[in-house]
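Reassemble the complex: the two chains are provided individually, in unrelated frames, and hints are given to aid placement.
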Amino acid sequence: MKPITRIHSRTAVLADENIDTDRIIPARFLTTTTREGLGKLCFNDWRYQADGSDNPAFPLNQSQAQGCSIVVAGRNFGCGSSREHAPWALLDYGVQAVLCSEIADIFRGNALKNGLLAIVIDELEHRWLLKHPGIELVIDVREQFIALPDGGRIPFRLEPFARHCLLNGVDQLGYLLQHADAITHYEQQEKAA
Amino acid sequence: MSPRTLFEKVWDAHVVVPETTDTPAVLYVDLHLVHEVTSPQAFSELRERGLQLRRPDRMLATLDHSTPTLPTNADGTRPYANAEAQAQVTQLETNCREFGVELHGWDSADRGIVHVIGPELGATQPGMTIVCGDSHTSTHGAFGALAFGIGTTEVGHVMATQCLLQRKPKTMAIHVDGRLAAGISAKDLILHIIGTIGVDGGTGYVLEYRGAAIEALSMDERMTVCNMSIEAGARAGLIAPDETTFAWLKGRPRTPQGAAWDAAVATWRALRSDDGASYDREVRIDASAVKPTVTYGTHPGMAIAMDAPVPAATNAQEHRALDYMQSKPGQPMQGTPVDVVFVGSCTNSRLSDLREAANVLRGRRVANGVRMLVVPGSEAVRRDAEREGLHQVFTAAGAEWRVPGCSMCIAMNGDLAQPGQLVVSTSNRNFEGRQGKGARTVLASPATAAASALAGRIADPRDYAVHDNRRQEQAA
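These protein sequences, in sequence, are chains A and B. So the first sequence is numbered by this note's numbering: it starts at 1 and just counts up by one. So the second sequence is numbered by this note's numbering: it starts at 1 and just counts up by one.
Hints in this document: simulated from the structure, not taken from any laboratory. Among these hints, one or two may not hold up.
The calculated EDC-like cross-link candidates involving lysine to aspartate or glutamate, where the alpha carbons are at most 16 Å apart (straight line), are [stated by the list, open to error]:
#1 Lys437/B - Asp45/A
#2 Lys9/B - Asp274/B
#3 Lys40/A - Asp54/A
#4 Lys170/B - Asp51/A
#5 Lys291/B - Asp177/B
#6 Lys170/B - Glu8/B
#7 Lys291/B - Asp274/B
#8 Lys2/A - Asp171/A
#9 Lys168/B - Asp171/A
#10 Lys2/A - Asp92/A
#11 Lys170/B - Asp280/B
#12 Lys191/A - Asp57/B
#13 Lys437/B - Asp51/A
#14 Lys291/B - Asp280/B
Partial list, derived from the structure: chain A residues whose beta carbon lies under 8 Å from chain B [claimed, not checked]:
#15 Asp16
#16 Pro26
#17 Thr31
#18 Asp45
#19 Gln49
#20 Gly52
#21 Ser63
#22 Gly74
#23 Asn76
#24 Ile183
In this text, a Cβ means the ideal position worked out from N, Cα and C, and glycines have one as well.
Bound conformation, chain B alone (with noise of 0.2 Å):
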């Protein structure tokens, strides 16, 4: 057999009936993600067809987007940003009581955003093809999974045939050579490659990660930069599973135990691209010239190093892009006043997230005038946070700190800010009006976020002196 991708054999191995000319593959879905956004109108067309799910036991969902992030009023009820979001959770709710689905609803000690609990209950595993209606589903391929978003028809789909029609995309090599310098995290290499590529510059691909820098890589720092394929994109991002991933999945619930994990992980081995697969386009990205990174646009391709001067623009979009932003050509970003900060979503909302956040706020004040929200991305990311006392940390520096959700990622939970206000966040959308119309989205690293809020204005992590506590940490 002629070399293969790590896409390509995992793809092979999930075809049911191949693609011909006139017809797309019929592919096998090994695990489907539901949240409260994008399922109700999919199981609605199952009712009104008389359909059942085909693999309820290979559904998992959860509560994350439309979910208030404060706590329980004192009477009891959820303080729900409106009734028609109150509406879409209690649906989820229903459905899944009705078609015999596993929810992580409010009352499981496992709820949180639903790309940060997969991995966490070691549902995602190496090698599985893993879909969701939500397109940061990318996050998955961190495990060597195959896992991309897909439109409400399209659960529908899984859900009565546990499959879907898929036409073969594209390979894309993303080779990261060297390594990060200290103090510069996964969100600003990852940023740095789309500031690279471009806003489009991997549709039709899927993205492969792969180099020393890649290797060198933590699983949470791994689905930072396989979230974000998306934002070049790319439906799917890949990185081949190694030592890493099976130290990080071992003895997770879900995952096989005993025997079961000695035979999986022998399987999951073989999981890497051959020594000489060719991939339709290959990209090298130098990881030592990678920077604090920063968006100055309103598209995650507008990114650039904080102390680079800012582009002017080129086109008509460009210039409408800095007027939105108030960003100024020839000048950098740092500097730029903040008015809000936000640590949280499926990018950046992980316990080593908060770490890296809190290294820098640690007996610091965020300063006056500057909101600052930190959001867990899951239940058991907030016990592991309140257990190492993260929590006191933020709220000393003035920070608030929330139940977990989408939060501002999204801005549906009525979590957003306020028109003309400036928002360094965690998240991976810098669209117009993303975290509330009007607002103005600047993506960026945990580090850098908790920098800026000190500073009031876009600030470098690194002059806070902050020790990289995680990479020690992995090391010791």
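Pulled out of the complex, with its shape left as it was, chain A reads as follows (with noise of 0.2 Å):
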């Protein structure tokens, strides 16, 4: 993974709550045994109209949006299947932040592990941010705060060890094969027991 320090994009707003990853990407698209090209299928039943053309409706078509890459959605994006081609379609899309006042767990993690920022914000200032779509923002992540253009600052916190590794670019399954010893022990412990 890619080390990420901070993003700079204006916003686009998906207003619902509870985007359920059924919605992010439909079951039967499932079929895939690769990660790639998913973007073109993101929020599909709702982003294209039924001839396939683009539906004006869907906020993401908007003109604004285009070229937007943080998303601030409705509460508890993400519930739903814990599949991870929620957060790969997102980013071959091109959404690299999605910024909500809660996100579901399955999907946060998912998120994280892939370098698409899912952070979680004050509900106070999340409603200010569904209300403004637009704003230009730039999200640092090693500070951990958002910063508005008058100058002000949405701070946030992340997982540590999350942080760390989007700083760092850390392959979190090579960290977790140092462990190996320890593991091993483990398992002689358990077979004695």
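Shown next as structure tokens:
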């Protein structure tokens, strides 16, 4: 994973609460055996009309949302399935960060492991960002704040290890493999018990 | 030692490296369940890195999500929804062969939905840590195991190290007092609980269901309850193992036998929350207040008694949900016309669920214009159901009796509803498009599903003079 220190973008808003993993990527597209190329399927049933053309009512299809890589989403984004296809699809679609007052647990973990910044912010600030789409933000992963154009700052806290991995591009499997001796020791004790 | 909850006991026993401020715990995994949808990229990762499986003996794989539920064609081929679905199944078969994983595939007499066969085979045991690339892994918590869904990156972690990096979650006790009234099922109870605590009420928590009403549940019913913990946002839900648990597990293939069984049970008896153990949050539910419960919106927290008026929308998301469902504020869901009925899924596809549906259907006919699918959770469930003649009850009523799989719960195998159709479903998610683009899902118990199939409208199973044979059989 490439290190991520900051993200600079305007915001797009998906204000609905409880945007679930089936809306992010419908289950019928999960027959893939690779991680790649899911961006075109992201939000498929919301984003396209029956004839395959863009649905103008989908917020991320609107002209002011083009090029935005920060999405401010309604509460409880990513609820539902454990499918990692959801963060894969979002990243491939161009989303690099999701800001929300509450994010579903499994989705958040999956997102951070793939370098998609799933960031929980305070409710008041969340409400304000939902009402102000298109605002220019800088997300600073090292200092854990979001800089607003007027100089204001929204603080956030990432789980320290997730933050460390993002900043340094740490390979978590590599980190786990370093504990091989401790794992062997655990297994021997378990066997003896 | 200070009093500990059931969750803390299981957690503590699996810590390989304790967590610190800077680093999560390294947590050992006893059982890793695998299916075709969330594993291929993890196997690829292992190959790319030249890694082996650390403990293939702690893995168990099956085919369930992308598999057709129609029988084989005359030429012996299987009616896959598309070439990708078939390729995904073939990929898991190849991966399991190459890496030496036990696969319950097409040729196995034990194939079925991953969360049905784990317990059936006795692979699921009290006190274990169990993971799977599937959010309904919470099902196994019914046995007092700490069981939760993981993403594909973590599937790779477990394959290579048998461990996960985890922060200790918070705990929530859900005390269910009293007892369920006659004709009220575990599905009604869990929908009622999610409707009470909310679709995100459990986020960040492990739930422990406890109290007299929980202790009175059978193992099948406990699995239904724990299965839907994730629908309240909780990764895991637990129930302390007891005599019901031990009796259900005894003699199953992967359980300890003989003296080892007695020793295991002695250990398992300690798996309960100590008196005075504290939870981060506690909720009380009155079981006697639970009625036949259904969903009216597009997430499982939008659940109410079927005879209660649908609440008015209070925000844009709820407006959208009611519009999508065509649910009418102020009117009950009971009486809503039905197009499709689905009995199946890891929530409600076990033998007792099929009996519950069959008891309502026996000697009756599904209403004209209603399509009903009954999909057993596993080959074992299918055999047992056919031995009892349940399949004949379903087919005589006009329902389709299918081959085991996830089927219309996730609708990725070709079993799906058409846009606008209303599905009364015993599955776990009523998200937009979950059962087919534009399909409208109402979650319900097997008895409610069966009654609704007969009436052609959402109906109260108690109006069909159903005797609660299941509880009588258990009592006998």
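Cross-check of the supplied hints:
Proposed proximity of Lys437/B and Asp45/A is supported: the alpha carbons are some 7 Å apart, at most 16 Å. Restraint check for Lys9/B and Asp274/B: satisfied, since their Cα atoms lie roughly 10 Å apart, inside the 16 Å limit. Only pairs whose Cα atoms come within 16 Å are accepted, and Lys40/A paired with Asp54/A is accepted, the gap being roughly 11 Å. For the given pair, Lys170/B sits about 47 Å from Asp51/A by alpha-carbon distance, which is inconsistent with the 16 Å threshold.
Straight-line distance between C-alpha atoms of Lys291/B and Asp177/B comes to about 15 Å, which keeps the hinted pair within the 16 Å bound. About 10 Å separates the Cα atoms of Lys170/B and Glu8/B, which keeps this hinted pair within 16 Å; it holds. Among the hinted pairs, Lys291/B with Asp274/B is inconsistent with the structure: their alpha-carbon atoms are about 32 Å apart, more than 16 Å. Between Lys2/A and Asp171/A, the direct Cα distance comes to roughly 10 Å. Compliance with the 16 Å bound is thereby established for this hinted pair.
With a CA separation close to 21 Å, the supplied pair Lys168/B and Asp171/A exceeds the 16 Å bound. The hinted pair formed by Lys2/A and Asp92/A meets the criterion: a straight-line CA distance of about 15 Å does not exceed 16 Å. The straight-line distance between the Cα atoms of Lys170/B and Asp280/B is roughly 6 Å, inside the 16 Å bound, and the hint therefore holds. A threshold of 16 Å between alpha carbons decides the hint, and for Lys191/A with Asp57/B the separation of about 14 Å falls inside it, so the pair holds.
A hinted pair counts as satisfied when its Cα atoms are at most 16 Å apart, and Lys437/B with Asp51/A qualifies at roughly 14 Å. Simply put, Lys291/B and Asp280/B have alpha-carbon atoms about 29 Å apart, too far for the 16 Å limit, and the pair is violated. Hint status for Asp16/A relative to chain B: holds, with the closest Cβ pair at about 5 Å, below 8 Å. Because the smallest distance between the Cβ of Pro26/A and any Cβ of chain B comes to about 6 Å, under 8 Å, the interface hint for this residue holds.
The interface hint given for Thr31/A holds, since its Cβ lies 4 Å from the closest Cβ of chain B, which is under the 8 Å cut-off. This hint holds: Asp45/A has a C-beta 5 Å from the nearest C-beta of chain B, less than the 8 Å allowed. Because the closest C-beta pair between Gln49/A and chain B is about 12 Å apart, greater than 8 Å, the hint is violated. A distance limit of 8 Å between C-beta atoms decides the matter here; for Gly52/A the minimum to chain B is near 13 Å, and the interface restraint is violated.
Interface restraint check for Ser63/A: the shortest CB-CB distance to chain B comes to about 22 Å, outside 8 Å, so the restraint is violated. With a least beta-carbon distance of about 6 Å to chain B, the hint placing Gly74/A at the interface is held under the 8 Å criterion. About 4 Å separates the beta-carbon of Asn76/A from the nearest beta-carbon of chain B, less than 8 Å, and the hint is met. Nearest Cβ of chain B to the Cβ of Ile183/A: about 6 Å, under the 8 Å cut. The hint holds.
The structure is inconsistent with the numbered hints 4, 7, 9, 14, 19, 20, 21, although it conforms to all the rest.
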